[in-house]
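Order-wise, the sequence lines are chains U and Y. For reference, each letter of the first sequence is one residue, going 5 to 147 in the numbering used here. For reference, each letter of the second sequence is one residue, going 84 to 494 in the numbering used here.
What the hints contain is simulated information worked out from the structure, not anything from laboratory work. A portion of the hints provided could be inaccurate.
Unchecked claim - As a list, the in silico DSSO-like pairs of lysine-lysine whose alpha-carbon atoms are at most 30 Å apart: (1) Lys90/U / Lys148/Y; (2) Lys279/Y / Lys56/U; (3) Lys370/Y / Lys56/U; (4) Lys107/U / Lys90/U; (5) Lys116/U / Lys75/U; (6) Lys434/Y / Lys400/Y; (7) Lys90/U / Lys279/Y; (8) Lys434/Y / Lys193/Y; (9) Lys193/Y / Lys56/U; (10) Lys56/U / Lys148/Y; (11) Lys400/Y / Lys279/Y.
Note that the coordinates shown come from a computational prediction; the quantities given were computed from them, not determined experimentally.
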Amino acid sequence: MDHQEVNHYSVLANCDEGLACQLAAEVLEAHPNDQLHILSGPLQGLVMLRVKESVEESQFNAGEVLVTEVKLELDGQFGYGMVLGKNDRRAMAVALVDAALRKNSPLTEHLKTELARINQLLQTERQRLYQLVNSTRVEFETI
Amino acid sequence: MGYVATKGGTEAVLKAEQLVEYFRLRGESEPIRIEQIQDQFRLAVDRAMGEGSLYAPALAALALKQSEGDAVEASFLLRAYRSTLPRLSYSLPTSGARMRAIRRISSTFKDIPGGQLLGPTRDYQPRLLNTLLNHESSQTVRRYLADFEAQVRQNSPSDGQVGYFPKVIESMRAQGIMAEAEKGAEEEEPFDVTRKAISFPAPRSVRLQILTRGDNGSLLAFAYSSIRGYGDVHPTLGEMRVGYLPVEVNHPLTGEVVEIGEILATECEMVSRVKSTNEAEEESSPKFGLGYGFSFGHGEDKAVSMAILDRVLSASKAGKLHGQSGPAANEEFVLLHVDAIEASGFTAHYKLPHYVTFQADIRVLERAKDHATAKSAESAEKHRRFRQKLALPTEADEVERIMPDNGEDEG
């Protein structure tokens, strides 16, 4: 990972599920079936959320988050996917794209380009939500 | 005394299970979809996730459907479900500073760095029933969404921001008005009340974990008791923010940061004066102390109440002048009584058969009664004999003397 690029985990965890699955489908098409080995999952489980509070900067356990985890091997390359909620498809998609990105193949560059595009969509969507929120910006005045 | 088991009732119990389903359904209205609960009862979903201590909106919506909207029952279902799943990992420590905010307010300063966003709130609305909702349809919903978006996008162009803000308390710290936080256990592994039994005095991580999974109503009541009259902490809201918080774990092999998605959360800091025991210091540089609140989802009452309680308990613990002035300042009392599932479970068990226990109670009562009767008979006999000995008039004679029965009717 030599040049400045988007973090594929962040993008795939938060983008439209269909887009994540499309990327994964491309990865699957480029690899024969026997190159894919699911090591574990899709497995539902919990991640304990650790929060660093702002008073003493100490940590506490703020409750658990439901997640789905997939571990696989694609042509000998380990791929990891963990996403929020019960979401087998997205977890699998993250793991597949993760493995493909870590291998240097013609597909890698294409995936990076696609991820950058999807990230752009995600950022635009966030900006559009914030635009609505920002309309409630308030200036209180004391009288 | 242990509980004595009761046998039988299987048929009736099974039928009761079916009957409650019958009552849930007998209105024969269109079955409500999980997606609808998740979207349209989002605050109920958030509350169930908070009290269930499990962030899973779809499961929380399902729990609410199954429990017919009973918040405690829904969170009980979530806790039970949670106990069937393996814990795969711990998240990297996150903090509210990383939140993509949809609401952010402060009551300490009107001008805060980044400004204030009211966000989605009912705080300023008159509480009038909106009868128009009786006639809401997919069409009116679509029109509202389109109109609102169009109107905002036309009047205020996007500034390219997505909602990251500095923390208000950081600027208060920079001003030097905050009492130094006692950074006690920074590197220490936080305590997990789901794995180990707690004891008192409890570490800070126990307090925050128990409060954040506590019952909204209980937290609200304890916090209210303290600020209304049974305490002398007078807090101001330093900052409250609601927004999307990224959750990250370590890659299992390489240790890289892996973001797994965003959760909605509420964070709050309450500020109150710390009264120093040192009078000179108190006059020269008065300081403020902080309380911290956190809730899954959009949970303002919980976050604010938790922050107040945290402040009250810290003040009490530090042995400063305020604190120990009311029940809410007693950490053991507060932490042992705010859990919805524990409290409702203990209360609900009274509805189960206690026939043997109660029979035993009755027998004790009867024995006590017999004993008392025997005793009083004995003492009356003693009394009679004593009077006889002294040749005093008996009680019957005495009555005759005071109220002679001369055969006249009253009035």
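Now for the hints, and whether the structure bears them out:
For the given pair, Lys90/U sits about 18 Å from Lys148/Y by alpha-carbon distance, which is consistent with the 30 Å threshold. Restraint check for Lys279/Y and Lys56/U: satisfied, since their Cα atoms lie roughly 21 Å apart, inside the 30 Å limit. As the CA atoms of Lys370/Y and Lys56/U are separated by approximately 23 Å, the hinted pair is consistent with the 30 Å bound. With a C-alpha separation of about 28 Å, the suggested pair Lys107/U and Lys90/U falls inside the 30 Å cut-off, and the hint holds.
Restraint check for Lys116/U and Lys75/U: the C-alpha separation of about 21 Å stays at or below 30 Å, so the hint holds. Note on Lys434/Y and Lys400/Y: the hinted pairing is violated, with a Cα-Cα distance of about 38 Å set against a maximum of 30 Å. Taken as a hint, the Lys90/U and Lys279/Y pair is honoured in the structure, with Cα atoms around 28 Å apart against an allowance of 30 Å. The suggested pairing of Lys434/Y with Lys193/Y is violated, with an alpha-carbon distance near 52 Å, which exceeds 30 Å.
With a CA separation close to 26 Å, the supplied pair Lys193/Y and Lys56/U stays within the 30 Å bound. Of the pairs offered as hints, the one joining Lys56/U and Lys148/Y is violated, with about 34 Å between alpha carbons and a cut-off of 30 Å exceeded. Taking the CA atoms of Lys400/Y and Lys279/Y, the gap is near 23 Å; set against the 30 Å cutoff, the hint holds.
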